[in-house]
Amino acid sequence: MAGITGKDAILTEYAEQLARGADAPKGRSLSRDALRRLLRNRAAMVSIFVLVAIVVIAFVAPAFMPWQPRQVDWSAFRSPPNADTLHYLGTDQNGRDLLARLLQGTQMSIIVAIVATFVSVTIGILYGAIAGYMGGRVDAIMMRFVDMMYALPYILFVIILVVIFGRKPILLFIGIGAIEWLTMARIVRGQTLSLKEKEFVEAARASGVRPLSIILRHIVPNLTGPVVIYATLTIPEIIITESFLSYLGLGVQEPQTSLGTLISDGAGVFEVMPWLLVPPAVVLVLMLLALTYIGDGLRDALDPKDR
Amino acid sequence: MLQYAIRRILGALPIAFITITVCFIIMRAAPGGPFDGERPLPPVVLANVRAYYHLDKSLIEQYFIYVGGVLRGDFGPSMSSYDHSVSELLAIGLPYTLTLGFSAFVIATFIGIVAGMVAAVNQNRWPDYLLVLVVMIGVIIPNFLMASILQLVFGVYLQWLPAGGWRAGEITSLVLPVTVLAWPHAARISRLMRGSMIEVLGTNYIRTARSKGIGQRLILARHAIKPALIPVVSYLGPGLSYLLTGSLVVEQVFGLPGIGRYFINAALNRDYGLVLGTTILYVILILILNLIVDMIYAWLDPKVRYR
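Top to bottom, those sequences are chains E and Y.
The opening residue of the first sequence carries number 0 in numbering that gives the first Met the number 0; numbering runs sequentially from there.
The opening residue of the second sequence carries number 0 in numbering that gives the first Met the number 0; numbering runs sequentially from there.
These are calculated hints, taken from the structure and not from any lab test.
These numbers come from a predicted model, not from an experiment.
Ideal placement from N, C-alpha and C gives every residue a C-beta, glycine not left out.
Warning: the hint list may mix true and false statements.
[Said to hold, decoys possible] So these bits of chain Y aren't anywhere near chain E, every CB distance computed over 10 angstroms:
1) Ala90
2) Ala167
3) Ala266
[Stated by the list, open to error] On the chain E side, residues computed to face chain Y include the following (Cβ under 7 angstroms):
4) Met147
5) Tyr149
6) Pro152
7) Ile154
8) Leu155
9) Ile158
10) Val162
11) Ile239
12) Tyr246
13) Leu247
14) Ala266
15) Phe269
16) Ala280
17) Leu287
18) Leu288
[What the hints assert, rightly or not] Derived coverage of chain Y by chain E (criterion: at least 3 residues anywhere in the stretch with Cβ under 8 angstroms from a Cβ of chain E; other residues may be distant):
19) 146-157
20) 229-240
21) 270-282
Could you build all of it, start to finish, from the sequences and the hints given here?
Right under this line is the structure:
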């Protein structure tokens with residue numbers, strides 16, 4: 000007989016559920032918790048949407064463009080945006096379609112950002128994990144080196160490399176990546192210091208696993224959270240660095256283009272041809288804004304104590 | 000304190016030395032010499048010129064001559080402007096860069112600290128939100144874009160301020176460059192200051208001071224500022240190299256005759272001597288300023304001195 004509160008009914012239902020094995024109450028895992036927090040962060044979700052839209056458009060849209068980035072329209076030099084000639088964002092002094100060039104430039108900036116971030120994250124993780132795991136004197140020397148590097152204006156060294164070995168995109172990727180790893184190394188070292196005291200690392204050590212394998216197999220996989228956060232925060236910095244170099248004429252070269260190159264070209268002629276500056280500036284700022292919000296959102300989601 | 004200062008100076012010397020060495024190696028590893036022109040020089044002249052610039056000696060000898068020169072403030076010949084040595088060019092440009100950088104540094108640090116304090120005291124009220132917005136603008140919009148925007152708005156459309164040029168150091172011609180340079184710096188400092196101030200205001204000793212009936216202003220001035228400044232001061236070192244990176248762009252955009260402009264032009268013209276001389280000067284400047292920052296840090300946080 001059912002009780003007045005209906006407690007028995009609920010308990011019976013619950014027991015049946017348990018017996019079926021479906022919908023058994025699950026403990027919420029950390030990552031699921033983090034995902035829930037991220038989904039609730041409206042700024043971060045909008046940013047993810049914006050960023051995905053920019054990336055997809057930059058890589059898919061060129062296939063459908065009426066004009067190619069290097070194609071000269073001899074009938075439309077310095078044309079303001081004009082839907083009739085299919086120059087939706089106008090053309091530059093050389094009669095090239097700005098929309099096509101903008102898409103190519105965005106692509107270039109995204110590629111540089113991804114490759115350079117990969118380089119910087121790889122160096123940072125390995126350096127930080129080795130310093131943290133080795134500890135003692137090795138750690139002290141390695142981190143002192145990082146402190147020293149922090150103070151140096153490494154952008155100058157990238158410029159020197161670019162000047163001396165030519166302005167090849169690959170060099171740009173590696174050069175920028177090689178200067179942005181310091182913060183990552185510091186964070187990874189801090190995490191490693193606490194990870195290496197954990198039982199599973201001790202177990203691995205006791206069973207005779209070599210230090211390098213412990214670092215790569217047991218420590219690095221546990222660093223995913225902070226690494227993801229700081230990789231997201233590194234991308235906008237790299238995009239800024241790349242466009243900075245391109246703006247100064249030391250980065251991506253014609254006929255290739257990047258957002259920095261486009262902004263540099265547009266800034267000089269803004270008074271007469273404002274349509275050349277506004278679109279690349281808007282895309283760049285949108286991308287940086289979105290990445291910053293995503294990075295902050297991820298940090299809040301994965302690392303609640305940092306709030 | 001003195002002991003700590005000496006230790007830091009001894010720590011900084013190897014960095015300066017390594018920088019000079021690396022710069023020298025890069026300079027000599029670079030393809031092409033300064034006298035490989037379109038028309039080959041007559042062998043006698045070439046031999047004379049090479050002897051004059053010590054290029055006929057062995058690399059080791061050249062290295063010691065270069066280091067000796069740097070120690071005496073002689074950075075060797077410039078390869079693009081034959082009338083001036085690198086040291087002369089740097090001596091011409093340095094005052095402009097220092098004026099610009101120093102004003103931006105002082106103004107940004109002051110504004111950043113005050114803004115961060117105001118935001119921390121008014122946490123989650125309108126001054127705080129205003130700060131978040133201003134910080135966001137400063138961090139997101141890259142300096143070259145900000146420079147162009149301010150130039151166009153205040154220099155070209157409103158005509159309130161000159162759009163560029165030094166004009167014998169008139170204060171009006173410094174406003175825009177200093178603003179561009181100082182904004183991101185102030186933004187980062189104010190964010191750090193806000194965070195650390197909130198943390199300090201939550202500590203027990205501040206609560207004790209409150210319970211003794213000390214007024215808000217006195218609490219801030221006597222007890223809260225000093226500990227809250229510690230993270231800010233530790234940022235000033237890396238902040239300096241950000242500022243320097245910014246000054247490269249600012250000098251270029253606003254047409255100021257500082258060493259940043261020499262550096263970029265030299266990089267574009269492959270004037271190795273000038274590029275490396277500028278780099279070494281920058282590094283030495285930054286090391287000296289970092290030493291000063293370290294001294295302030297040690298004064299604020301007694302623990303540092305005994306590490």
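Against the structure, the hints:
1. Listed as a non-interface residue, Ala90 (chain Y) keeps its Cβ farther than 10 angstroms from every Cβ of chain E; the least gap is roughly 19 angstroms.
2. Residue placement check: Ala167 (chain Y) keeps its beta carbon more than 10 angstroms from all beta carbons of chain E (closest about 26 angstroms).
3. Listed as outside the interface, Ala266 (chain Y) is inconsistent with that label: its C-beta sits roughly 5 angstroms from the nearest C-beta of chain E, within the 10 angstroms cut-off.
4. Interface restraint check: Met147 (chain E) against chain Y, minimum CB-CB distance 5 angstroms, threshold 7 angstroms, status holds.
5. Interface restraint check for Tyr149 (chain E): the shortest CB-CB distance to chain Y comes to about 5 angstroms, inside 7 angstroms, so the restraint holds.
6. Evaluation of the Pro152 (chain E) hint against chain Y yields a held restraint, the C-beta minimum of about 4 angstroms falling below 7 angstroms.
7. Interface restraint check: Ile154 (chain E) against chain Y, minimum CB-CB distance 5 angstroms, threshold 7 angstroms, status holds.
8. Interface restraint check for Leu155 (chain E): the shortest CB-CB distance to chain Y comes to about 5 angstroms, inside 7 angstroms, so the restraint holds.
9. Given hint, Ile158 (chain E) at the interface with chain Y, holds; its Cβ is 5 angstroms from that chain's nearest Cβ, closer than 7 angstroms.
10. The beta carbon of Val162 (chain E) comes within 5 angstroms of a beta carbon in chain Y, closer than 7 angstroms, and the hint placing it at the interface holds.
11. Here the hint on Ile239 (chain E) is kept, as its CB sits about 5 angstroms from the closest CB of chain Y, short of 7 angstroms.
12. A cut of 7 angstroms between beta carbons decides the hint on Tyr246 (chain E): the least distance to chain Y is about 4 angstroms, and the hint holds.
13. The criterion of a C-beta within 7 angstroms of any C-beta in chain Y is met by Leu247 (chain E), whose closest approach is roughly 6 angstroms, and the hint holds.
14. Because the smallest distance between the Cβ of Ala266 (chain E) and any Cβ of chain Y comes to about 4 angstroms, under 7 angstroms, the interface hint for this residue holds.
15. About 6 angstroms separates the beta-carbon of Phe269 (chain E) from the nearest beta-carbon of chain Y, less than 7 angstroms, and the hint is met.
16. Below 7 angstroms, beta-carbon pairs count as interface contacts, and Ala280 (chain E) has one with chain Y at about 6 angstroms; its hint therefore holds.
17. Annotation: Leu287 (chain E) was flagged as interfacial toward chain Y, and the flag holds, the nearest CB pair being 5 angstroms apart, inside 7 angstroms.
18. The beta carbon of Leu288 (chain E) is positioned within 7 angstroms of a beta carbon in chain Y (closest approach about 5 angstroms), and the interface hint is therefore held.
19. Residues of the region 146-157 of chain Y lying with their CB closer than 8 angstroms to a CB of chain E number 3, which satisfies the three-residue condition for coverage.
20. Evaluation of the coverage hint for the region 229-240 of chain Y: fulfilled, as 4 residues show C-beta separations to chain E shorter than 8 angstroms, against a requirement of three.
21. Against chain E, the region 270-282 of chain Y contributes 7 residues with a C-beta closer than 8 angstroms to a partner C-beta. That satisfies the three-residue criterion, and the hint holds.
Violation of the numbered hints given earlier is confined to hint 3; every other hint is satisfied by the structure.
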